[in-house]
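Participant: What follows is each chain in one-letter form.
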Amino acid sequence: MSPMSPTSPTSAPSAPNPTSAPNPTSAPSAPSAPNPTSPRRARAPWHVRVLAAAAILLALHVALAFALDTLGLVESLLSPSGLRALAVLPLVLGLYAVRLALLFVMPGLVFAALVSAGRTWRARRAHRAQARQTPVPRA
Amino acid sequence: MAAERAQEPRTHLSPRLQRLGEITAVAALVLAGAATVPRLVCGRDADAFWQSDPRVQEPLAAEVAAYVRAGVGPESFSTGDPRFDGEWALVTHQMAALGLGQLILQHPELRATYLPVVALCAERLLAPETTAFGRAAWGEDALRAPATPNGHAYLGYANLALSMLTLLDPTHPLAGTNDRLTEAFARRLAAAPHGMLETYPGEAYPADMAAVVGSIGLHDRARRETHREGLLRDATAALTARYLHRPSGMFHQRVDAHAGAPLGPPRASGTAIAAYFLSFADQDLARRVFAGIASHQRARFLGFGGVREYPDGEAGLGDIDSGPVLFGVSVSATGFSLAGARLTGERAMFVDLFRTAELFGLTGRGPAGGRRFLSGGPLGNALLLAMMTAGPAAAPLPPAPGRLP
Chain U
0 MSPMSPTSPT SAPSAPNPTS APNPTSAPSA PSAPNPTSPR RARAPWHVRV LAAAAILLAL
60 HVALAFALDT LGLVESLLSP SGLRALAVLP LVLGLYAVRL ALLFVMPGLV FAALVSAGRT
120 WRARRAHRAQ ARQTPVPRA
Chain W
0 MAAERAQEPR THLSPRLQRL GEITAVAALV LAGAATVPRL VCGRDADAFW QSDPRVQEPL
60 AAEVAAYVRA GVGPESFSTG DPRFDGEWAL VTHQMAALGL GQLILQHPEL RATYLPVVAL
120 CAERLLAPET TAFGRAAWGE DALRAPATPN GHAYLGYANL ALSMLTLLDP THPLAGTNDR
180 LTEAFARRLA AAPHGMLETY PGEAYPADMA AVVGSIGLHD RARRETHREG LLRDATAALT
240 ARYLHRPSGM FHQRVDAHAG APLGPPRASG TAIAAYFLSF ADQDLARRVF AGIASHQRAR
300 FLGFGGVREY PDGEAGLGDI DSGPVLFGVS VSATGFSLAG ARLTGERAMF VDLFRTAELF
360 GLTGRGPAGG RRFLSGGPLG NALLLAMMTA GPAAAPLPPA PGRLP
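From first to last, the protein sequence lines are chains U and W. As numbered in numbering that gives the first Met the number 0, residues 0 to 138 make up the first sequence, in order. As numbered in numbering that gives the first Met the number 0, residues 0 to 404 make up the second sequence, in order.
Derived by calculation from the structure, the hints in this document are not laboratory data. Glycine is no exception: its CB is placed at the ideal position from the N, C-alpha and C atoms. Among the hints, erroneous ones may be present.
What the hints assert, rightly or not - Pairwise CB distance ranges, derived in the manner of DEER restraints:
| hint | chain 1 | residue 1 | chain 2 | residue 2 | range |
| --- | --- | --- | --- | --- | --- |
| 1 | U | Leu92 | W | Leu262 | 27 to 37 Å |
| 2 | U | Thr69 | W | Phe300 | 28 to 38 Å |
| 3 | W | Ala298 | U | Val114 | 31 to 41 Å |
| 4 | U | Arg48 | W | Arg245 | 52 to 62 Å |
| 5 | W | Ala298 | U | Trp120 | 42 to 52 Å |
| 6 | W | Asp52 | U | Leu99 | 26 to 36 Å |
| 7 | W | Ala47 | U | Leu92 | 29 to 39 Å |
Unchecked claim - So these bits of chain W aren't anywhere near chain U, every CB distance computed over 12 Å:
| hint | residue |
| --- | --- |
| 8 | Ala33 |
| 9 | Pro37 |
| 10 | Ser51 |
| 11 | Ala61 |
| 12 | Gly201 |
| 13 | Ala240 |
| 14 | Leu262 |
| 15 | Asp283 |
| 16 | Ala293 |
| 17 | His295 |
| 18 | Gly344 |
| 19 | Leu361 |
| 20 | Gly363 |
Model the full structure from these sequences, guided by the hints.
Facilitator: Written out as structure tokens, the structure is:
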């Protein structure tokens, strides 16, 4: 899927496709669905998914940090009881994986998602404005 | 025309090319974000710590003081070895006393709050349960029998904290113990054939020797005594001549006190902490020692700094001294080098190291209402307080103009 294409069929099948708008979001995506008439579950646009993932990672980071602080990270890792160290090790690895992703990967992705969301919004607004200007034929 | 051209290019691109461009744009944004955001987030307090701003120092000090008041002892640690548990309790109290002492020297208005905690650390350092690991190793109590010829260099850590207390409060009851311990160390040092005291039987470490030398230097400064200057000069000369690895500029981690010969490779963790300890006796020497680390051992990635444990051509795993070694970078050497960077005026290095400490230390609100490193525990927080408040205030020589914090 094209990550920056906010109106791709896979990301927003029901969204209007403002092909006549000057905004470059109108490029069609590759035909990813072999049978367009088959019923498909609509997926949220990619920028929505990125923002949701960022929120989930943030919540996870806070929860893991709190859990490890409560359990005593250093003491647990140094514990001669292998069980205690083993129990805490996945939490430690998870925490640092989430922290590194949050700090090093998500800022750029979130920025790209916000840019994409802004382009989608502008494209839809332009499309609506154009639709309003088009005279509706009377019966 | 320009407006028309601006509208044209996208419509002329094939969907595949356009998609490729969009993916490239997202990748570039992710890379740009990785190169800028983490260093800003993790380095937000670095300058304030560099400038010894009490607004960032005091919340960490409050948490360290809370740990000490709550009680830290060998039973607080579970390394699996009673000696290491004891050492960690000893170093926790030593670093808490040094960190809080440095804070008081930099901000005298905090004296009333933290001097009692420094005194509490000193009392705990001399408590029988804290020094039990040393007694078990030697089979004697060096605090009760100061005339012993045995090294007991682990007590250099305790004596350095006592010297800090004497500097802050020369009339404190424990200042007398500091006088006696300093005299005992000076006597043993004068008798040591190769300028090295053993920490335990058959074990000697330049970092521990640096603690002994630093404790004598700080004591003499507190007492305004100068009669041991020659002894200290000889001791530091022997330390650097025999145990400093010239090509790397680092101390060998372990040495043979009887033969005066190094054992094992030079390492950054021992050198960085030795530079900090030596700064209490001879700041110029401390700078020269740390210069080896600053020039050879620095690692840097996206604005985050680390210190490599081993010199070029050497490799090894982490141990109780270095902590985990990841990609050659040691946790302990990185943390200890915060002090060296402050002492030598290496601001850029300090900021890089601070970011790493923040990234893996995870600062958060503590039970005392201050801020602490969530992954540090009592020892890590006390260490980082001492390293991040190290500076010329407690050192015998004035700072070089314009470079030091």
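Participant: A separate judgement is required for each hint: does it hold in the structure or not?
Facilitator: Now for the hints, and whether the structure bears them out:
1. U/Leu92 <-> W/Leu262: 27 to 37 Å: Roughly 35 Å apart at Cβ, these two residues keep to the hinted range, so it holds.
2. U/Thr69 <-> W/Phe300: 28 to 38 Å: About 31 Å separates the Cβ atoms of U/Thr69 and W/Phe300, which means 28 to 38 Å holds.
3. W/Ala298 <-> U/Val114: 31 to 41 Å: Check passed, 34 Å falls within 31 to 41 Å.
4. U/Arg48 <-> W/Arg245: 52 to 62 Å: 57 Å, holds
5. W/Ala298 <-> U/Trp120: 42 to 52 Å: 44 Å, holds
6. W/Asp52 <-> U/Leu99: 26 to 36 Å: 28 Å, holds
7. W/Ala47 <-> U/Leu92: 29 to 39 Å: 31 Å, holds
8. Ala33: Non-interface label on W/Ala33 violated, nearest chain U Cβ at 4 Å vs cutoff 12 Å.
9. Pro37: Its Cβ does come within 12 Å of chain U, the nearest being 4 Å, so this is violated.
10. Ser51: 27 Å, holds
11. Ala61: 17 Å, holds
12. Gly201: Given that every Cβ of chain U is farther than 12 Å from that of W/Gly201, nearest at about 25 Å, it holds.
13. Ala240: Non-interface label stands for W/Ala240: nearest chain U Cβ at 37 Å, farther than 12 Å.
14. Leu262: 26 Å, holds
15. Asp283: 35 Å, holds
16. Ala293: Consistent with the label, W/Ala293 stays out of reach of chain U, its closest Cβ about 26 Å off (over 12 Å).
17. His295: 27 Å, holds
18. Gly344: Given that every Cβ of chain U is farther than 12 Å from that of W/Gly344, nearest at about 29 Å, it holds.
19. Leu361: It is violated; W/Leu361 is separated from chain U by about 6 Å at its closest Cβ, not greater than 12 Å.
20. Gly363: W/Gly363 is in fact no farther than 12 Å from some Cβ atom of chain U, at 6 Å.
Going down the numbered hints, you'll see the structure goes against 8, 9, 19 and 20, while the others check out.
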